[in-house]
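4 protein chains.
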Amino acid sequence: MAIGIGLIGTGFMGKAHALAYRSARAIMADVPEARLSVLCDMPMDRADAMASQLGFDRATDDWTALVADPDVDIVCITTPNGLHREMALAAIAAGKNVHCEKPLALSLEDAEVMAAAAREAGSSTLVGYNYIHNPAVTHAQRLIADGRIGRPVHFRGWVDEDYQADPEFAWTWRSTRSEAGLGALGDLGCHLVSMSHLLMGPIESVLADTQIAHATRPLPDGSGRGTVENEDTASALVRYASGAQGTLCTSRSAWGRKNKLDWEVHGTRGMITFSQERLNELRLYVNDGPKAEQGFCTILTGPDHPPYGAFCPAPGHQLGFGDLKTIEATAFLRAISTETSAYPDFTDALAFEQVIHAIDTSAREGRRVSL
Amino acid sequence: MAIGIGLIGTGFMGKAHALAYRSARAIMADVPEARLSVLCDMPMDRADAMASQLGFDRATDDWTALVADPDVDIVCITTPNGLHREMALAAIAAGKNVHCEKPLALSLEDAEVMAAAAREAGSSTLVGYNYIHNPAVTHAQRLIADGRIGRPVHFRGWVDEDYQADPEFAWTWRSTRSEAGLGALGDLGCHLVSMSHLLMGPIESVLADTQIAHATRPLPDGSGRGTVENEDTASALVRYASGAQGTLCTSRSAWGRKNKLDWEVHGTRGMITFSQERLNELRLYVNDGPKAEQGFCTILTGPDHPPYGAFCPAPGHQLGFGDLKTIEATAFLRAISTETSAYPDFTDALAFEQVIHAIDTSAREGRRVSL
Amino acid sequence: MAIGIGLIGTGFMGKAHALAYRSARAIMADVPEARLSVLCDMPMDRADAMASQLGFDRATDDWTALVADPDVDIVCITTPNGLHREMALAAIAAGKNVHCEKPLALSLEDAEVMAAAAREAGSSTLVGYNYIHNPAVTHAQRLIADGRIGRPVHFRGWVDEDYQADPEFAWTWRSTRSEAGLGALGDLGCHLVSMSHLLMGPIESVLADTQIAHATRPLPDGSGRGTVENEDTASALVRYASGAQGTLCTSRSAWGRKNKLDWEVHGTRGMITFSQERLNELRLYVNDGPKAEQGFCTILTGPDHPPYGAFCPAPGHQLGFGDLKTIEATAFLRAISTETSAYPDFTDALAFEQVIHAIDTSAREGRRVSL
Amino acid sequence: MAIGIGLIGTGFMGKAHALAYRSARAIMADVPEARLSVLCDMPMDRADAMASQLGFDRATDDWTALVADPDVDIVCITTPNGLHREMALAAIAAGKNVHCEKPLALSLEDAEVMAAAAREAGSSTLVGYNYIHNPAVTHAQRLIADGRIGRPVHFRGWVDEDYQADPEFAWTWRSTRSEAGLGALGDLGCHLVSMSHLLMGPIESVLADTQIAHATRPLPDGSGRGTVENEDTASALVRYASGAQGTLCTSRSAWGRKNKLDWEVHGTRGMITFSQERLNELRLYVNDGPKAEQGFCTILTGPDHPPYGAFCPAPGHQLGFGDLKTIEATAFLRAISTETSAYPDFTDALAFEQVIHAIDTSAREGRRVSL
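Note that the protein sequences, when read in sequence, are chains F, A, E and B. Heads up, the first sequence is in full-length UniProt numbering, so the first residue is 1 and it goes up one at a time. Heads up, the second sequence is in full-length UniProt numbering, so the first residue is 1 and it goes up one at a time. Heads up, the third sequence is in full-length UniProt numbering, so the first residue is 1 and it goes up one at a time. Heads up, the fourth sequence is in full-length UniProt numbering, so the first residue is 1 and it goes up one at a time.
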């Protein structure tokens with residue numbers, strides 16, 4: 001019996017969800033089939049066209065109908081962040097499993113309500129922190145857990161893009177706190193926090209600064225320039241519950257960075273580094289063997305780094321962005337079918353997002369903020 | 001009306017074909033839907049299991065039935081190379097379109113027969129030289145065609161893996177010329193020739209050497225060591241019809257190389273280089289602007305390099321191996337629906353494979369071989 | 001008339017000074033000859049041996065004699081940091097020019113006294129921030145000054161080594177604040193600040209955290225473990241006088257990093273990045289030309305990046321660490337002969353070192369510290 | 001008693017020799033002092049100026065006087081290749097040690113005469129194949145000798161620059177076979193052969209092709225275009241005495257390559273690769289340990305790779321081109337003082353240069369040439 005997918009939204013992430021669920025079983029074999037049941041978008045002809053393209057059984061322009069649809073087991077929410085709360089709460093209330101894009105919501109309060117609702121309802125939930133499902137990253141996680149680099153003592157991470165690097169890039173609602181919430185932290189920073197959490201465990205406190213690099217942007221109607229209200233860059237000094245320390249940095253105005261999501265874990269016996277723009281590579285340095293032969297080893301992912309082998313039996317052939325989303329969808333299908341929990345669920349994601357809001361608070365108030 | 005796919009073989013390439021055709025329309029939008037109609041493998045329970053996993057309507061263990069099936073518009077042949085000829089000829093005779101994995105056949109004679117049959121029948125054919133469909137590579141092709149690096153005067157290419165680098169890797173039928181045909185040239189070298197052809201045009205003559213690096217390998221039954229009959233490495237000095245020259249090198253015994261398929265095009269105004277293990281990057285040097293600022297530019301593919309944008313609207317998010325196969329399948333679906341020809345068809349592929357056989361001949365006879 | 005060099009200390013930096021002054025004129029041509037006059041080390045036989053090896057006219061084990069020697073025009077101070085103040089003050093009092101290794105002194109107070117003395121005496125001074133003399137770095141400085149990447153809005157820098165990464169590395173006086181002063185900040189961090197200053201101008205305030213990653217180390221006499229008093233890592237959020245922001249990070253416990261001194265300057269039109277472990281390369285991204293061709297350009301230094309050409313007329317042949325020191329010594333010889341000032345002199349260096357002390361203060365007091 | 005240096009020529013290589021001998025003992029300690037005795041160049045005022053700059057005792061414009069000078073122990077020959085023979089024979093006849101730049105001579109016949117003369121006279125000689133003295137390269141040599149990558153079965157090498165990549169670069173005597181001899185092979189290719197020899201042992205035969213990419217070049221007097229007579233590129237298939245095979249390629253018309261001298265050694269247990277434009281790095285892959293952790297290790301040279309430590313006690317601080325020349329000069333000073341032989345002497349270098357001439361012959365005659 002296939003698991004029915006109801007997808008709200010057909011932008012970048014909507015399409016990514018559809019493709020991932022379409023292919024999950026064909027790729028992974030040992031996972032339940034997903035059936036693309038209902039697609040919701042507006043206007044209706046867009047919904048129809050995308051349902052046809054992506055292979056959904058039917059389309060709607062009424063998300064409440066989708067949420068109520070008995071054929072829908074998983075509600076995928078890929079709409080603008082400000083809509084996540086209402087949709088997720090409705091889906092939870094309707095007894096659905098919810099796969100929501102990150103960040104959970106505009107405000108931490110909304111995210112808390114969502115997580116609480118999911119916990120109370122016992123819903124299975126998953127949040128779209130797709131980068132942590134990369135076989136290179138989960139291999140790093142295993143290496144660290146196995147003590148390969150000793151005790152992790154320091155972490156550095158960066159997540160940068162350049163989509164707002166051009167000062168003449170137009171002002172949009174994304175520049176407002178009321179409609180968009182956080183800036184680079186909400187778009188990008190939370191991905192980095194998810195990596196940090198996976199590799200280093202929870203953060204205990206942050207001390208941060210943020211920056212609006214481009215104070216105004218041209219209004220799209222040509223009537224002058226609008227004020228940018230949310231941060232272009234954010235940087236935080238973090239302390240982990242483990243006693244480790246680190247820095248987390250993000251920018252949406254970093255020319256040349258297309259999907260930089262880089263990090264390094266400093267351990268007492270070695271170091272691991274990773275760069276998302278070369279997502280099939282992991283670099284490992286271990287203080288082992290002759291000094292004259294020590295160096296960073298560039299490991300190319302392959303079948304020895306599961307679930308790479310489900311995509312391709314030959315190493316070094318490279319996974320892509322869409323493949324990471326497929327691994328994520330697989331995790332949810334498995335969790336639902338085995339009634340276990342997927343990672344990161346709403347509660348896990350709330351913990352990530354508390355960090356980005358704490359960074360924002362620290363920067364605004366000029367003080368260390370505890371979590 | 002969907003285009004029906006009949007797939008023979010469910011190994012590495014079989015699965016890759018299935019996944020590509022499953023997703024092509026969902027990703028590309030403006031391409032006909034493909035329907036996974038019939039899957040053939042042996043034994044029957046394997047065929048059934050894979051048909052279920054990959055989403056085929058039905059399974060068979062009789063490839064002749066698949067070829068004859070009226071629901072099948074495209075016959076995908078992903079079986080061992082020695083079987084290609086018989087299957088392709090039958091499919092052509094049945095009036096099907098044929099998507100065959102590379103190389104076309106064990107021997108050049110077989111490949112010639114296949115290409116002739118396709119031409120005579122007016123069949124649409126496509127051969128699985130998937131790497132040339134990479135947006136980075138087709139961007140390079142455009143740059144060269146536009147004269148961005150001037151007149152191409154020299155080419156260097158390498159295609160290396162390490163799957164036979166271990167001297168204790170067991171002897172198999174792949175070590176025999178009778179069953180496997182060429183060694184590294186057939187497995188890997190032909191991919192390089194496809195790149196060379198795309199970027200530099202046809203090769204006029206070759207002067208080559210080959211090497212069996214591991215003369216014997218342990219027999220799987222433990223009874224001693226078997227003789228390796230085909231080449232572990234091949235290297236060729238080539239002259240192009242354009243007057244350019246170059247070198248083509250391949251090895252299946254190159255430790256550390258997982259999918260190296262690298263090349264550089266030397267032009268009179270610049271240079272382009274590419275490395276398959278970083279398939280989302282192109283490096284371009286142009287003799288333009290201030291000397292103090294000249295250098296190789298690392299271009300990360302994105303929506304400016306079509307059809308990347310069909311997979312992801314954000315640059316730098318990376319395509320994977322499977323995505324290249326989807327672009328290839330898309331090309332065939334489009335060709336069939338518009339009754340134009342796809343590239344490379346059997347005749348195009350024959351030209352590539354004539355080169356690897358000429359390299360083999362040159363090496364065995366110690367003389368320059370013209371094409 | 002050659003400029004006489006009196007060198008105190010023959011360790012890593014002492015030898016580097018000697019080699020640099022020996023070769024400066026032979027390499028640069030248009031710079032006064034330096035004569036290696038007096039070398040001071042202890043004990044006397046070590047001084048004699050090193051004077052012979054390095055080519056000094058004579059040796060002494062009494063640095064006060066060296067400072068008083070009429071043949072000495074430049075006093076080079078390469079002794080442990082705790083000795084810099086006394087020696088520099090004596091040299092200034094004796095009317096000498098002073099070339100002192102970084103950091104100026106253990107404490108900021110000592111550094112202030114030294115800078116004040118130099119200013120009052122009108123001495124020519126230079127501090128050994130050799131990395132900023134790299135032609136790649138000064139080329140970056142020019143590119144920024146020329147507006148090639150627009151207005152610099154953000155800076156990130158890291159300076160890491162692994163010489164104290166091993167938890168079992170023995171405890172020494174370097175672990176104490178009384179004898180060694182700061183830890184990673186004093187050894188490494190100040191180099192990064194010198195880069196930041198050169199490229200971004202003065203820092204206005206810092207908000208920082210530091211970490212002792214290895215709380216104790218084995219005592220060399222085997223009697224147990226000694227307490228480490230100074231920082232293994234430091235991280236700072238900085239605000240520049242220009243309005244830009246950034247982060248500065250350092251670690252002496254970063255496995256695999258041998259001389260990482262990396263930075264990136266984010267501008268409104270582009271980005272420049274640099275990595276000291278590949279000191280002959282600069283990476284430049286500019287939002288110019290067709291989007292499909294944009295990427296980071298790796299510029300290899302050559303004669304177009306002066307004074308590279310004095311070392312080698314051919315590009316890409318690579319300068320080494322010693323060559324940077326030669327450029328530094330040349331700057332001082334020229335400054336002295338033209339009675340202009342060299343950069344960075346004691347006052348300039350004091351500004352760098354105020355930053356590392358502000359970072360330390362901020363970390364200890366948990367508050368933003370203004371400069 | 002210092003060893004007296006007589007240097008003929010003050011271009012790129014002349015200066016490099018002077019700097020290397022000036023600093024050798026200061027850097028290396030356990031090597032005899034070299035004294036810069038006599039410098040020869042023309043006209044006399046150039047000789048005087050350079051003698052002053054470089055620190056020679058005296059200057060001359062008569063090389064025969066230099067060769068006869070009793071203060072001269074080593075005659076360094078850095079003049080155009082066509083002059084090497086006469087000068088070297090005179091120096092050998094005068095009982096001098098000879099340090100000659102590569103290649104030995106325009107023609108193989110001249111080189112043979114020189115090698116024979118040196119052998120007969122029992123002269124100590126050295127030829128300037130400086131790149132093989134790189135600590136990274138000699139470390140690779142040790143790794144191979146120790147069996148770290150098993151039996152070497154294949155070699156690939158490239159040496160490329162772009163100094164003649166521009167089709168409008170003016171015609172000079174360097175374009176003629178009579179005055180310049182070989183083209184890219186003589187300038188660049190012989191360096192690659194020296195690497196190949198060091199790492200793989202002697203070459204037994206070659207099969208090659210060459211190319212004149214730019215058939216004519218503008219005459220400097222504006223009177224039209226002159227014919228280019230020697231090769232812009234050369235490529236060879238080589239067989240080693242050991243049974244290994246490989247390819248050697250060179251181009252002087254490869255845009256973007258400034259000092260590419262890259263190679264890879266394929267062994268039965270691993271691979272080593274090197275790139276001259278990153279001369280302080282060696283990449284090593286060994287089939288050891290868990291498959292999931294295998295990858296190319298980037299080794300940064302340091303004190304564990306002698307004689308790096310003589311230049312700098314800290315790893316990763318980078319040697320430069322000049323430092324390689326210093327290591328070369330040191331080898332000669334040591335050889336002379338211990339009456340042992342330096343590598344490569346005239347006879348060794350002759351073996352390298354026989355290979356480039358064999359490549360030229362093979363290309364002209366279209367047949368495999370044995371050595």
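Do not rely on the hints blindly, as some may be mistaken.
In silico BS3-like cross-links for lysine-lysine, where the CA-CA straight-line distance does not exceed 25 Å [unchecked claim]:
id: 1; chain 1: A; residue 1: K260; chain 2: F; residue 2: K260
id: 2; chain 1: E; residue 1: K260; chain 2: F; residue 2: K291
id: 3; chain 1: B; residue 1: K260; chain 2: A; residue 2: K260
id: 4; chain 1: B; residue 1: K260; chain 2: A; residue 2: K291
id: 5; chain 1: F; residue 1: K291; chain 2: B; residue 2: K291
id: 6; chain 1: E; residue 1: K260; chain 2: A; residue 2: K260
id: 7; chain 1: B; residue 1: K291; chain 2: A; residue 2: K291
id: 8; chain 1: F; residue 1: K260; chain 2: E; residue 2: K260
id: 9; chain 1: B; residue 1: K260; chain 2: E; residue 2: K260
id: 10; chain 1: E; residue 1: K291; chain 2: F; residue 2: K291
DEER-style ranges, computed between Cβ atoms [to be verified]:
id: 11; chain 1: F; residue 1: A29; chain 2: E; residue 2: Q141; range: 53 to 61 Å
id: 12; chain 1: F; residue 1: D288; chain 2: A; residue 2: S337; range: 55 to 63 Å
id: 13; chain 1: A; residue 1: S341; chain 2: F; residue 2: D57; range: 33 to 41 Å
id: 14; chain 1: E; residue 1: A93; chain 2: F; residue 2: D166; range: 30 to 38 Å
Note that these hints are calculated values from the structure, not bench results. Here a beta-carbon is modelled for each residue, glycine too, at the ideal position from N, C-alpha and C.
**OP:** Please work out if K291(B) and K291(A) have their alpha carbons no farther apart than 25 Å.
**Re:** violated, 44 Å
Subject >> Consistency of beta-carbon spacing, D166(F) to A93(E), with hint 30 to 38 Å >> reply: Between A93(E) and D166(F), where Cβ atoms are some 56 Å apart, the hint is violated.
Subject >> K260(B) paired with K260(A) [C-alpha distance capped at 25 Å] >> reply: holds, 19 Å
Original post:
Holds or violated: K260(E) with K291(F), Cα cutoff 25 Å?
Top reply: holds, 18 Å
Original post:
Between K260(A) and K260(F), does the CA-CA distance stay at or below 25 Å?
Top reply: Holds, at about 24 Å.
Original post:
Hey, K260(B) versus K291(A), does the alpha-carbon distance stay inside 25 Å?
Top reply: The hint holds at about 18 Å.
**OP:** With respect to the beta-carbon atoms only, verify the hint that S341(A) and D57(F) lie 33 to 41 Å apart.
**Re:** holds, 35 Å
Original post:
Taking only the CA atoms, is the gap from K260(E) to K260(A) under or equal to 25 Å?
Top reply: Given pair K260(E), K260(A) is violated - Cα atoms ~29 Å apart, limit 25 Å.
Original post:
Can the restraint linking K260(B) and K260(E) be considered satisfied, given a maximum Cα separation of 25 Å?
Top reply: holds, 24 Å
Original post:
Taking the CB of D288(F) and the CB of S337(A), does the distance hold inside 55 to 63 Å?
Top reply: holds, 57 Å
Subject >> Q141(E) and A29(F) - C-beta distance against the hinted 53 to 61 Å >> reply: holds, 57 Å
**OP:** Assess, step by step, whether the Cα of K291(E) is no farther than 25 Å from the Cα of K291(F), and give holds or violated.
**Re:** violated, 44 Å
Consistency with the previously given hints fails for numbers 6, 7, 10, 14, ordered from lowest to highest.
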